[in-house]
Each structure stands twice: as structure tokens, then as C-alpha cells.
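Q: Going line by line, the protein sequences match chains A, B and C.
The first sequence runs 1 to 279 under this note's numbering.
The second sequence runs 1 to 323 under this note's numbering.
The third sequence runs 1 to 309 under this note's numbering.
Take the hints with a grain of salt, since some may be wrong.
Unchecked claim - List time: in silico BS3-like cross-link candidates among lysine-lysine, alpha-carbon distance up to 30 Å:
1) B:149 / C:269
2) A:140 / B:230
3) C:304 / B:318
4) B:318 / C:126
Rather than coming from a laboratory, the hints here were simulated on the basis of the structure.
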Amino acid sequence: MEKIVSESTSSTSADQVAVKTVSEIAMSLKDVAVSFNGKTAVRDATFDVAKNKVTSLIGPSGSGKTTLLRGLNRLHDLTPGAKVSGTILLEGTDIYRGDITVTELRTRVGMVFQRPNPFPTMSIYDNVVSGLRFNGIKKKSLLDEVAEKSLRDAALWESVENRLKVSAGNLSGGEQQRLCIARALALEPEVLLMDEPTSALDPIATLRIEELMSTLKERVTIIIVTHNMQQAARISDDCAFLLMGEDRAGELIEFDTTDKIFNNPADPRTLDYTLGRFG
Amino acid sequence: MTMSSPDLIIQSEELAEVNSASSSRGWYHWLLVSVSALFALVSIAFVGSIVIYSLPAWSHTGTLLTGNGWQSPSGPFGGLSMIVGTIETSLIALVVAAVVGLGTSLAIVFLVPGRLRNIISTFVELLAAIPSIVYGLWGFLVLAPWMLKSFDPFVNKLPFASAIFGSPGQQFGPSLLLAAIVLSVMILPTFIAISREVIAGVPNDIIEASYSLGCTRWQVIRQVVLPTAKIGLFGATFLSLARATGETVAVALVAGSVANAQFHLLYPGTSIAAWIATEFGEAQGNEISALMALGVLLMLINFSFSLISRSLVSRQRKALARV
Amino acid sequence: MTIIDDLIPQPESTSTRQAIQRAVHSHRARRVAISRVMMVLCGVALVLTAIPLVLLIIQLVSRGASQLDATFFTKLPQSPTLSSPNDVGGVSNSIIGTIALTVYASIMAIPLGVLTGVYLAESRSKFASTLRVIAQTMAGAPSILMGLFGFTLIVKYFQVGFSAIAGSFALAVLMLPVIALSTELAVRTVPDTLREAGLALGAKPHKVSLKVVIPSAISGIVTGCLLAVARAVGETAPVLLTVGGGYINQWRPLDPVSALPLTIYSGAKSEWPAQRVQVWGIALVLVAFVFVLSLSARIWAARKQKRNS
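One chain only, chain A, in its complex shape:
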């Protein structure tokens, strides 16, 4: 990876990250911290996620990226002893304390997981529309329409249009992951959270999903956790760098455009990471 240290830009990091207007912000984090049974796992997360852009969370393992991501759709509610503090806003509404239920939140903020996890007892079609069905939508014509649309957006339609009723287990790993993406997209979420979506896939499947994201972001805001910094450099517009501190809690070191993070970071630790000085 070529690194161009650009001397010509004299503007500071604050100028680089243009002040976003409220309508351009999908999610906003302020002093967000997550702890388990009193022990902090990640803290000091403050940044704004721009709409229709790809924001990546990068950093070595243990830096709390996934933990932070899972706070964004309140998945930690399922873990006893987990506590999320700070403010997380979705389109201006506090997702923990505001006028929004957990189930509504999760239909507006979707998630794709590290290992593909289609429902094993369901067909491809049933998997894609499962989110709609779970939420009470039954009209066949709408389900069919959404299924095709989501599968096309996930670049899977052509592979499966003739075998929609086949069990999802028959797909390859990369196809299963795209199925999971389609499943999440079917609910037309505003934000799509992706937790290391390609780390369990082979390079070709990885590439296909990366190509996907540049078209997907026109529909949804994407927040992606990745431990592969080259991937982050390839696909993301903004980047948050997290690092595990002395007390074994992750913290946000720097948030900026990807270009700035990789070419001219403000914090020396960010530079060390992007240069591969530690993993």
C-alpha cells in the first residue's frame, strides 16, 4: 500500500472533517462507553456518522470495535451485566433513552455478522424476507418485490433467482454472507452495521462484498468494523481508530476521513498502526 504523505494540505484535521449539518448525520455518538459487570471494555467514543457514507472502525484486536458496534443496535441488552453509557443518536433520537423501542431501532439499524448466519431451517427466499415476516408484513407481492430488490442489491439475485426455495445451507460462504446482507437490507434500514463481514470469507468473496459496499452506501449508511486496514482504506469514507489502553479498555484515538487517517493522521499511534508497526 502506497502511502503518500501529503505536504500540501496545511489545513488541520478539524477543517478536513467538514462540519456536517444535522441532516447529513445518520448516527451521532457522544462519550459512549460500554462496560461489562463494571469493567470498561470501550470508552470515549465521540464521532458523527455521515449519511450514505461508509464509516469504518479500525484498530488491533481487543480495542473494543465490535463492542462499540453492538451498542449501536442495542445488542448488549441481551447480555446481563452490560452497561452502555453516553449518548447515541439515530436521526436525533436517543436510542437508549429516547422515544424509540428496541424492536423499532433494530428495524432501522440492521446488522451483518462476522460469520454468515442464515437461518438453517429456512429457504433462501424465507431467509431474505424473514425480517419483514417477523415484523408482521405478510403481503406476498410486497415480499416478492422486496426479496428481489434486496437480492439484487446484494449482488446475489442472478445466482439464486431459480432456486429461491432451496435451503440456505446450500450456498457457499460468500453467497451466504450476501444472503445475510440481503436479509438485513430487506427491512430498508437507515444504517447497516457490519461486524468484520469478510473475515471468514475467501479473497474472491471478500472482493465481491467490498464492491457491493460502494453501491450499497447510496441506500444505507454503513458502519463497518474491520481488522484489515487495507480493506478500510479501500472502502471507507470516514475512519475511527480505536486502541486498547493501559487499563485494557478500548478508546477512540482518532476520527477523521479515511484519507487523512491513512495519509496524515494527527495521532502518532494512528500512524504506527497504519504503518503496520503493531497488529
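Add chains B and C to chain A, keeping to what the hints say.
A: Leaving out everything else, chains B and C in the frame of chain A:
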């Protein structure tokens, strides 16, 4: 890619055989094989001896399977009431235990907080190890009097009571219903132990996926957990059924050991296993053959349920492995 | 649903999104309510399960504990009379009988079962897989059939008559498949790397098995045997048809013996209240014994796992 060790052992054993005519590995291998053969022999003798002793009775197969009334000491030996009793008590016990047991397993996995869960699971497994005679004792000395005092009169007042339960006014201590209840309490821990394991074995990531799509907790259970665990749950059902049909002393104590076929639950009755236990003490000659024949019936029932259960459980394991 | 009906499918993303959200909203209250009700029902099921089982334990302890005095353990049973209806003596004959039965059965079942289990774990032959199915089937068979087997073979065919050896045989047949399967499991759990290391050092396969694998699996094997013994102690049906019972402290193999479960069975039906109460003491002893064995087996297994990991 290395070969697995058993392959390694057999291969090296074969090599050793080639290398020396009487290698010392011989005695160990042949010891194991002959002991296992002895085990197989015992098992075959197990089935064989019961079948052989039952042979005289099969000349009256019709009476055995459909006849009502068991006349010691010389016959006719009608097995209908034992068969009916076995079916009634086991089915009722199974339905109750499966419904309550499933709800309990779901509660253990989805409602009970983490630390308590381990304690409860251990407790359930200990309960499954309690000898059946103790359940029978409790049913006979505690439950039966209580039922006589409070439950039966209440049930007799319900509409349709006479059709299912027997004519109102009749009060027996021991009854088929009591046996069914005792059986259900007995197989509950077994059913819960297995179904809890199957439910907890549903991979966490598809559970998280369904929550992430906006499911409520019950939806996660109904739409994702139960369908995934379905096969294993059926396995638990058949295993519990196998156990229920084979229970001897508990049923013998509380069902009343009466051999006239009737369907009314508040009347005494018997089951195959219970009847063998009750009558065997004084049986001679032909009656022994007839009892052995009942034993063959029991064997067939139990082996089939056991087989079905095992194939279901292994299918469940394979299905989950693919995910 | 009328909201959706009104909707003309639009390619534009936002209105589909809004339509979906509207449908989601209109159904939410119902789904959440259903979820609450069902989870409450599950909780009710848990309580329903707990009630009879907890009641049973309470009855067992409260009625049985008072029976456990020195007389209980050391004296022979006595027939109560009208003048001394509470004079039931003790159950020493049943205790001795049960111990004898268990010892004889273990002598028969443990060596045979363990070796078979080792064979099952180490062999890939067709014979081994057939044997495994046989063992699994036998392990689930009703215990009364073991009683029938013991009767036909020992009591009748070998003409030994009702005796301790007949009962032990029936119990041994009960324990055999359980011991074999749990031994197989324990041996299989030994990591392959251990076996491969032994072979790589040039040791012959049988030596590796004897000196490396089995010692490593020993705790699992012992656990399995303990649990099988716990089960055998409490079984009534196999001994009912084979041992004959007795009222003296008897343990010789060829003579009839008494057994604890048997005494419960006959005592429960007795007309004498004192005998009916006494059996609670026996039941408590049995349950305590089974609990202690099972619990210690679990604790031992858990400790071994912690040490290995």
C-alpha cells in the same frame, strides 16, 4: 493432513501383524475383542431367553393382544388391559411432561439468570437420577390420598367427567390417572435435561441475527430456536416415551394392578411392565410364558422408540454441524 | 395491512421504507404483548415443574429423617403386632443384601464393561459399530426385562433358584451397557495428540493404549462406573424377580437376599402404618446415596476438566 489416531492404530496393528507371527500386541487386541464378543453374547442371550420362554404363549396371539381379563393360573391370558393401560398412562404422561417440560426448558434458557441456570440444570439432572421406586412411593403414599380427598371430587364435577374419568361417585385410590401423573413427574427431569441441552445448543449467532431483525423474545423462540431444535426435541420426546412405557414399580404401586380393560382414567388398571412385576411372584408354567410374551411386547415397543429417538438425535447433531 | 394495500410499489426507496415502518409499527404492540404472555407461561411451567419435585424432596426428608436411628441401620425387621404396632425393627438385612448385590454385580459388570468400552473407542470395525448400537439399545431397555432375563437364565435354566447371584446378574446386565458407553466416551475424549505422541515414541499401540490413553481417561471411567452403581442400587424390578427376599442378614451368593428397593415396595403396601413410615427412611437413604454419588461424579469430572484445560 494427518490420519486420525484410530486409523493409525489399526494400520500399525496391521503392520505389526505382517512383521511378526506372534507379536505381543496380539493378546491385548484379542482380549478386547473376546470381551466385547462376550458382551454381545450376553445381549443376544438377553433377547433370546425372553423370546424362547415366551414361545408357548404365542399360539394364543389373538387372546394375548386383544383379550380382556387375565385368569391365573391356566388362562386365558388377555393382554388388552395391559396394552391399553400402557398406552393411556404413557401418552398422558408424555403430553403433560412435554408441554410443561418444554416451557420449563425455555424458561431455564431464556428467563433464568446465568448463575442460577447452572444450579437448576444440575438439580434437574440429579432429579432424573432418583430411583423410580421413590416416585412410586410418593405417588402411593402422598399423592393418592390427596387426590382422593381433593382432586377426584373436583374432577368428577366437570362436564364429560363420566365419559373420560368414570362415573361420578366412584372413588378409587389407585387409578390410571394417578399413574399417568406420577409418570409425568418422573419423566419431566429426563425430558427437561435433554430438551434444555438441545435448546441451549442452538447457535448463538442465529439468535442474535433474529434479534437484530427486530424480533421479540417469543418470536426468536418460535421462529428460530424451536424450528432449529425441533428434531432434537422429538428425540427427547421419544426417549421419554421409551422410559415411560418401561416404568414398572411406580405404576404397579399406584395404578392398582387390575386387569380388566377399560378406558376410564379414575379406575384402577395396569401396564405391561407393572403387570409382569405384580403377577410374576406366583406364576407357573403357562402363565410364565404369557408374562414373557408381554415382556417381548414391551421389548418391541421400547426398542422401536429407542431407535427412533437415537436416529433423531444424531440427525439433529448433523443438521447443526452444517451451519 | 390496508396501509400496504394502498401502497403502489414504488422503485423509490424512501416510500417503501416508510411503508415498512408503518406496517412494523402497527403490529408491534401485539407482538410484544404475545411475547410477554408466552414468557410468563414459560415461567409458570418452571414453577409447575418445581412444585411436585420440591414437595417430593421435602416429604422425603421430613418423613424419612426421623426413621434414621441406630435401630434402623443395625436391627433386623420385625413383624409388628397389635400390642406393639410400632415395633418394626430395622432394615439391616436389606442394607446387607443391597451391598452384596452391588458388589457382586460390580465384579461382573465393571471389568467386562470397561474393556468393551475401550474396544468401542479404539476400533473402527463393523463389529464395533454394531456393538455400539446394541449397547445403546440395552442401556435404554426397561429394567424389568433384566429381571426376566435373570430369572430365565439363573433362577430357572441354571436352577440356582432365587438368589443373590441371580439378582446381581440382572443388575450386572443393567450396568454393563452404561459402563461400556461411558467408558467409550471417556476414552474418546482423550486428545488424539496424546496417543500420537506415544506412537511417535515408538511404543506399540497396545502399550500406548494401556499406559497412556486409559490412565488419562481413568477419571471419566470411574465416573461412569459410579453412576452405573448408583443406578443399580435403586432398581427394583430386576431384583424383584430374582432375589426372593429374606428377613435375615444374608449375603451368600446362592441364597436369597433382601434389597432396599424391594423392602420399600413391600413396605409401602403394608397394613401397618409404622412400616409404611419406615420405608420413607429407606427411600431417603437411597436418594441420599444416589445424590452423593452423582454429585461427586460431576464435581470430579468438572475438576478434571479444569485441570486439563
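Q: Compare the structure with each hint and give your call.
A: Okay, the hints, checked on the actual structure:
1. Using a Cα cut-off of 30 Å, the hinted pair residue 149 of chain B and residue 269 of chain C holds, with the two alpha carbons roughly 19 Å apart.
2. Pair hint residue 140 of chain A plus residue 230 of chain B holds up; C-alpha atoms about 27 Å apart against a cutoff of 30 Å.
3. Taken as a hint, the residue 304 of chain C and residue 318 of chain B pair is honoured in the structure, with Cα atoms around 28 Å apart against an allowance of 30 Å.
4. Distance hint between residue 318 of chain B and residue 126 of chain C is fulfilled; the C-alpha atoms sit about 21 Å from each other, no more than 30 Å.
Checked against the numbered hints above, the structure violates none of them.
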